[in-house]
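Listed here are the chains, written in short residue letters.
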Amino acid sequence: MPEPSVFHSRTAQLCTSHRWKDWGGYYAVCSYDMSPEPEYQAFRHSAGLIDVSPLFKYEIAGPDAAAFLSRLTVKDATKLRVGRVTYLCWCDDDGKVIDDGTLSRLGEEHFRLTAAEPSLHWLASVSRGFRVTIEDSSARLGTLALQGPESRRILERVTDVDLAALKFFRVAAGTLAGVPVWISRTGYTGDLGYEIWVGRDGAERVYDAITEAGRGHGLLPAGLDALDVARIEAGFVMNGVDYFSAHHCLTESRKSSPFELGLGWTVQLDRGPFVGQAALAREKQRGPRRAFVGLDVSWAQLEEVFARYGLPPELSLHAWRDGRPVYDGEERWIGQATSGAWSPTLKKNLALALLPAGHAATGTPVRCEVTAEYRRHTVAARVVKPPFFDPERKRA
Amino acid sequence: MGKRYDAIVVGGGHNGLICAAYLAKAGRDVLVLEKRDLLGGAAATEELYPGFHFSTCSYVVSLFRPSILRELQLARHGMQLLPLETSFTPLAGDPGLCRWPDPQRSRREISRFSARDAEVYPEFSLAMTKMAQLARSIVDAPAPDPTSWNPRELARLLRLGNQLRRGGAEVMDLNLKLLTMSAVDFLERWFESDVLKAPMAVSGIIGTYLGVRSPGTAYVLLHHYMGEIDGAFRSWGYSKGGTGGVSLACARAAESHGAEIRTGAAVERVLVDNGRARGVVLAGGDELSARTVVSSCDPRLTFLGLVGARHFDESFVAAIERYKLRGSSGKVNLAVDRLPEFFGREGTAHLRGDIAIAPGIDYLERAYDEAKYGDFSKRPYINVVIPSLLDPSVAPPGKHIISMFVQYAPYHLAEGAEHWPEKREAFGDAVVDTLAEYCPGLEESILFRHVLTPWDLEKEYGLSEGNIFQGELSLDQLLFQRPAAGWSRYRTPVRNLWTCGSGTHPGGGIMGASGQLAAAALLESGEL
Ligand SMILES: Cc1cc2nc3c(=O)[nH]c(=O)nc-3n(C[C@H](O)[C@H](O)[C@H](O)COP(=O)(O)OP(=O)(O)OC[C@H]3O[C@@H](n4cnc5c(N)ncnc54)[C@H](O)[C@@H]3O)c2cc1C
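Chains as they are written, first to last, in the numbering used here: chain A, 1 to 396; chain B, 397 to 924.
So here's chain B without its partners, still in its complex pose (with noise of 0.2 Å):
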């Protein structure tokens, strides 16, 4: 065994590469060792056909915290979000709804379904703006830890608590409701229309393998309410070369400060001594040293692949365990010669947003209900970015790339998962098809597919039964839960072991917080 680093990090993800970036910043000696040839893990950009760069899995950014931003000069190492400017419903045979960031136009389009819904929509606005300026500040510190007397935890509670009260007996009564409710319940507190419903109930499923109308999927839907581009809440971004964009930043901040990082360097087991995370061994069998393992992947890969079962408290493998992944979506990557056509719009305005088939609650209902039973759904919901409109530099002059995030392609198919490889070009035609509903002549305009189930996910980016976000984010997963009670605070139980991927508290996301909290909590601790 060679030199001994301060601390190794397991997974070049994005959060993997800002707990090393926050770690080198604070002089320490770190090395990143990501498994496949290239960084970003979820978040990254591969030219899967030539001229064409995909954003393979995650393809938009929100919750990305502004102070990583700033505190790690990411935009001088070629960091940069551009706004997504619309959000676009289509219809089979009608326009459609689209709301524009001009609210006067989104008024207009919205009251043709529902003059009331139309005015509701700033309401709506507002009271999510009030209830995640309140989610914010949960999300920007470690999780709150209510079963310690601890004095700063319970003087932390507190102020959570005022904040609560502050925001008035309708805030305070929202967030009870949030807990509890189904994203359509309520929604059906605001609006009536389906097709203004629908694109917004969506939120409350991503990466869970719930419904629409499944209690505690309200909460999910204000978790991704809490986007921020400067400051300014519930506004999605694009990230300029693909998401990957966002992790080669990371990666570079990293080095800047000194980071040493490895790719083709996949981790076989974290070396433990007597209840002391000491080192890794590679698939190579290379063993590395280290005072500090940190890990990036998911609970059940870190816990029960890479250190062991053997290692830890009967009690922790079992919550481990019951932890839940249950991977739900897939993503289908196109390149095509040209963009797609929707009935009744013209121009370019309302694909530079993100486009959800999501035409009715029933029908995302109805997608839940194949899943539950284990196959895919045949109409899913799709979320649909055409990321080549906003940024040439990904596709050659006048191609595109479409991306379409889809929903359900549960990981547990009723066959056994290990089916998928054989299902998954039929997977991708359902895509495709149900794309096409909308925008008739897709097919013709297709030069490369590539699709993506959770297998795959599972397999190529380490993501556990395929969950996009490192165990699902229902409340019972979440803050001092997540991942098992009493370690949310990116220790563990194995001493000199530490975890920083989305797994942790705040979860998934491309959102950092996970890495910069983690680096914080360990440069703390005193043990590095």
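Chain A on its own, in the form it takes in the complex (with noise of 0.2 Å):
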């Protein structure tokens, strides 16, 4: 059974639709109301708060914690700086990605690791040789996600933390509501947005205070189908949908490289030995095989095809992850469509897709299965560089 996360007693109040789901064995709620609809336009429109804590988080301190994270990910974490994040993976000796995440640096020998999974064996077993501690925060630490264009208004009304000198991913400490809190100019929307960061006594008032500033801004506490249509207009890759850890997969081509999921810019490899490089370089140079992207899917002709049965497109609120097959324009199948939504702000039928190098130039026509009336058809889509959403206000 699920546990309840430090929010449960605020989330369980508001969540009217009673729609929860397991979220790294806790209970996270999938949409407050019936529908997400409304919390994906606080999204963009205003600001949704929503309850990350889930999250995996480690505390990485000592001497040698920027030696040890820059053999462990991909990234030099040296080069970090006091105050700063930064978004990357880590791999297995073969360079394929167990899992990824964001790093913060809080201080000259403090760090803050997020993951998708429970990765405290991992890093103790690189950390061996390293003068560094590892807590496992993740039950000690809540994380709050403030989303959308009115989140720093609101946050300005109830933090001391100067809003307006922290860039985007930047991180600062100060108090919310008099509550210790870290907070991070970060998020998994695309938009303008924060994430707090709050020790379990405080973690009610904090998000107390925030929902109290929020009443004139629209705010409304947003769930994670909501955020699943979000990160896919912001191009994300997400563990366990986009692609699988390494550490569970049951066969090797189910595994993937950063290249292949579009982290090829996370990876620093001329530097000190870290895991996966040499497997990284070799593939660096002879270039991935596969390569992931966005797909446009074509709604004139999803249109057409519901049309033959004389039903207009369906089209759901929810974002899919199921997998769905691509073919090439001879219909012979070349890859898949990993998860996919009908972006309310695009107006369009968007999909990720991992496709083999040769299909993925920006441009390529593809096709992709959709069923109609109990019968499946392709739709013709076309090869386009994710993020398909990214507003300015993001970084500004």
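Using 35 Å as the maximum straight-line C-alpha spacing, the simulated DSBU-like pairs for lysine-lysine come out as follows:
1. A:K284 with B:K526
2. B:K795 with B:K774
3. A:K21 with B:K526
4. A:K21 with B:K636
5. A:K385 with A:K79
None of these hints come from the bench; they were simulated from the model.
Hints are included, so try docking the two chains, each in its own frame, into the full complex.
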């Protein structure tokens, strides 16, 4: 049975839909209302507040903390300055991705790493010989993501952290409603937004203060369904959906490299040794076999297919993540779309897909499978480069 | 001599019944002869105390081949498997460790002992799944024969090799290690906490006269890891109506295809003329004639007992004499008037699976020490299940059955196996005392107690030396070596004499594979 997160007393009260799911061993709200749409719209037009406490969090401290993280991950953590956050992934010896997350440097010798899956064992194994301590802070730290164009104005009302100075992917300590917190300008929606990190004791006070401050700003509590649509628009890959951790794959073909997942930009090869380095260097030289791309699925063709049965296209407000085949122009299977959604903002049918390198160039026409009236069809789609939606306010 | 059957199957255990069902289904005229008044052999349900239906010997089902269930339509004949939900390892004065179907819940329980073990646990399952996939292809087919130049054999070996390779270097490496390592060494590659390692390590010693630190036990562990219900590896199940439910369903399937089954019909001797089996003699002296005789009894009983050494080459007799039976386990069954209560655990959810009295590796090794020198363990490994929680039909309302599989109880006592009858109750006391250390008050709840020693398994169930698997599952007695090199394909040196019990490939457990594969081999041979 899942456990309640530190914000459960508040979220449970608000979750009138009773739509919950298990996320990393915790209760997480799918949507507070029966429909996730208002929550999605809040992310894009006002602000949504989402409990992301189930993310796994590790405090890495000690004189060798930066050196250890540079060995563990694909990035050179010694270059990360205090007060900065970076997004990265880490791999096994064969250069296949184990997990991805953000790394914050909270002090000279103190980092915080987030992960989608329990990672203590892997971190501990790689840390042999480094003077570091690794603490799993997942249970004692709550995390709230406040995301959307109004998020800064809401947060300003309740915190003493200088938000004007807190640039994109920065982190700062301060207080919120008198409670000590860390605030980072990060998130999973691809919009302006913040994440607030707070100890168990002050968690409810922080939640209440933000809710109160958001009253005049259209703030809504938001669930994972709305987040899923937003993250697809933002082109973020998700562990367990768009790729599988190398630690959980039964077959080699299920594993993927950072280059294949579009995370090649996070890989810093020319430096001291790190896990997977040799394999990644070889792959870089050879060129990755597959590539992670966005697909813009033709609306006109979708309408046409459904029209044959006298139906309008079915539009779901939920993202799908069941994986669908992708074909080339001759209807030969080439790869898979791993998740997708109707974008209410762009009015487009979007998907994230893993395709062979030869079909990954922007503009390449491919075909996606759709089911209409119990029958399978394919419709045209075009390869695009994610993110699909990238508003200026995110970095401003 | 009256009617001549196409085949007489000696023994109405589940393998004999399955073999008979397949032969009958193929249109053959089949007779099954069972010594006891009850079918099932080591998989039988018996009402030992009014209202309480005990799975006397075997108590859980995991390896049963799903293909048999489908092909013989066993669900229609009453077979029903319920998955065991949990694995609970109690500790004295501590809530212990319970592993649940919910992975997050297991993770939290394991992290009480080791956060790292909690995380590695799913990775271990994944590695074992990969290996079990390979092992399964071995179980589902006759043993590969590496000495043969027959192209079909070579092709099979090649396929196995390819499968091994496809698993990647990691699986290859693990497989090689598995063959030689001890269960503990193997598990320590992943885990550090004793309460997790110990209950897992015992899978490596079940039915063997070895300890968890003895080399080779890692392989036995995998054998038990292949448990499969609905294609999901490693899930143990409980059979509705007890394990006898499996045997009865097989019997009904056999009868539905026209097989004849007689109980209370002990075979005294297999009739052999000029190196050919032609029938059997029953204990009362009646002779029955058949074109083939298929024995489901263990190799020693079959070849040296029912047939007789003089019908075989000296080298074959020597191989069968060397075949290790060395029974090492016993069983204590209780009827109780209430459920046992364990420290720090409420409700019944933690009792709906198997409960392992295996608090640590040293505990298990110490239990083995006593057995090595010919005594039963005073503090043994016990595998407890409470079937009446899952299946209320086996006990009166509110009352329960506690089934305890116990190791070690070596057949060869220092003072001689024949002294078991006078030690039986002392053994039963040690087992009950051991469990009572974890659930005080157990003694007062007992209405009835039934103790099975290896001696009883031999005398009552026909298992030589009380070996629960008709022969240890050590690597030197598996695959093409079971029961003897060159004779792993159910055929024997005596013509028209075949074997189909768990003393043949792929081995023991309520698996049915031996019966199924033997019937297929016999039908294919054209001898029938
Ligand atoms: C105590 C115990 C616990 C076990 N626990 C489990 C478990 O939980 N799960 C599991 O999968 N496996 C377990 N096993 C093993 C499993 O029960 C056996 O491997 C399996 O039942 C063997 O089936 P079989 O048909 O090959 O042989 P048997 O069941 O041994 O059948 C042989 C039959 O031949 C009969 N017979 C013997 N001599 C003669 C004769 N002269 N004439 C006629 N008939 C004769 C016997 O009475 C018997 O019915 C256990 C075994 C024991 C003993």
